[in-house]
Amino acid sequence: MHIDARIPEDESTIEGDICIIGAGAAGISIAAEWIPTSCKVILLEGGGFEYEDRVQDLYSGKTTGQPYYPLKSARLHYFGGTTGHWGGMCSIFDPITFQKRDWINDSGWPMTQEDLMPYYERAHNNLDIGICDFNLENWQKKDPSLESLPLDKNFFWSKVWRYSPPTRFGTKYKDIIAQSKNIHLYTYANVVDIKANENLSAVQEVTVKNYTGKTHKITAKYFVLACCSIQNARILLASNKQSPNGLGNDHDVVGRYFMENAEVRTGELWLNEKSALKLYMLRPPRVKAEIAMTAKKQAEYEISNGIISMIPLLWGKNIPPLIKTWAAEDPRKNLKTISEAYENAKESKLSRFLNSKMYNSFQLVTRMEQIPNPLSRVTLDTEKDELGMPRAMLHWEFTSMEKRSLRKIMEVLGQQVGVAGIGRVRLQECLQDKNDPSMPANTSPGWHHMGTTRMSDDPKKGVVDANCKVHGIENLFAAGSSCFPNGGAVNPTLSIVALSLRLADHLKKKMKA
Amino acid sequence: MERRKFVIGIAAIVAASAIPIINYRFSHLLPGGYLVRPMVLANFCDKDAIRDIGLSYRHEVPEENERNKLEALLLTNSEGIKVDSKSTDEVISDLLGTKIKREFKNGQTVIENGWVLSETEARQCALFSFYD
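If you read the protein sequences in the order shown, they are chains V and H.
First residue of the first sequence? That's 30 in my numbering, and the numbers climb one at a time after it.
First residue of the second sequence? That's 3 in my numbering, and the numbers climb one at a time after it.
Bear in mind the hints are in silico, worked out from the structure with no lab data behind them.
Computed from a predicted structure; not experimentally measured.
Note that the Cβ used here is the ideal one computed from N, Cα and C, for glycine as well.
Wrong hints could be hidden among the right ones.
What the simulated footprint calls covered on chain H by chain V, stretch by stretch (three residues with Cβ under 8 Å from a Cβ of chain V suffice, anywhere in the stretch; the number is not a length) [stated by the list, open to error]:
(1) 42-53
(2) 69-75
(3) 116-128
Could you put together the complete structure from these sequences and hints?
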């Protein structure tokens, strides 16, 4: 059922079994797991069902460090969350993402890819992806024209991507949730405080507020923060009445280790013979692949992960970097600017006809894994939003490893293209000075917020444990990419949903017990 | 608008058909024979670009910044045996092709003006820059 939180009497108390804070991909996926059961789930959404600038403004905040998108437009604040405009690209994290890598500080998950695999399969239903198959050979058997580049498999492999339509959670789940008897969706219910018991070992209630000035209290057995990285950290840090550093922040980890996928134009691939590179160019609803360095070579070179996508150079040169086009505070305006930029960069019909979709030069774009860095973080500003919550401040910072990794991957790709005898690779100007450790100015984030309530068995290194429970607080959990200890080099939505389904299963067990 | 597209299209056809001619002219009129023709790179770069790569290499590897030295290095095979500079084009082309393959495999590459090249290719560019 749906309740508009602007309507109930001021200072109402709402009781439930589970309270989920945030109705995006993570929160909705967890809530939907309880349909139909006797469990009363309170699902809180700060906005309504459509974009409203006044609600969106609650996400505004300052950024420092590596240039970032305006925070107001980096996430969507209404039912369905940022799935309202995501692109739908899905892949699984590689096994190396989960492993402790000696050459990367604070790397490693307290679980393996194998542990998450059953949930990846289930997440395919939520995201309407189709069958869960990331084995390239299977796809090539179905369509032999999906040829991979003839690169040495000891160095590079072709990583499979699948496409969600993309599923808009707001559209797909609105009626399902609204018609459910046990899911109580409250819109216009922004959490402004979490209150714990006296010894801070359990959450007692959360306070929600909206711009009518009304506040309500929610009590539940379990609470799940599912507002994505920036807002999850913001809520915990701002819940500082009982603990000055914020809730769950005894070791000053909340907000730290903010990660993104840096998307950088890293080079050009020049082929001796024109090719369509069909496998690497495919668009929805089919499968496509990108070039990835093997885990063995990442270990040998002591670098982080990076995956390379390609577009014909003819187009790539004309598309401005996203960090330049996604500059407005209004996400709708940014979407329009980006679509126009792509439209203008497209090859003319005549040129496409002459080229027969075959090209000998391609722009290479690397999506880089950001390594865990405690200095890359979300903190609170002194400025407050309309509801009296301190605004979020983001400081996005890289180490020197990401730049070194970008350069190394391209250098080795250049060597392997030479070994294969298929052409040559040219590095982008920003990578040509090997002594420059800074990330290029046109590094574009992928809108992939990760970290800030990272997962670790050690409370000094992480905010949540392997079950996404906040250390030291028995009934508070975090869901989604804020829990990722390191983020890999793929878009996170599939992993967000998979990890959320795993958390839902864990909560089911706890409820039964 | 349609007329504009037509004119642009014709210009594109003319430009596209000129590329092989330029490349043909370039790869056949280079002075110095096969030694100064980085065959693969010449598919993608014009003379100026190849000269710039060569100048960059000479700057970065000053100990090889001599025409005779570069010629000697290019003509020496992997066993350290020098091939006669008066050998046929075929012999020199085979020698360079084998060396380039081996260098890519062994990671004996350099990055000049962004291009990932085998050492031999970079030396070919460097030698070319003396002639151009």
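#### Entry: chain V over the stretch 69-75 of chain H, status - at least 3 residues with CB closer than 8 Å
This one is violated; 0 residues, fewer than the three required, reach chain V with a Cβ under 8 Å.
### Query
Okay, the stretch 116-128 of chain H and chain V, do three or more residues pass the C-beta test at under 8 Å?
holds (count 5)
### Query
Would you say the stretch 42-53 of chain H counts as covered by chain V, given the rule of at least 3 residues with C-beta under 8 Å?
Holds, because 4 residues of the stretch 42-53 of chain H bring their Cβ atoms closer than 8 Å to Cβ atoms of chain V.
In this structure, only the earlier hint numbered 2 is contradicted, and the remaining ones agree with it.
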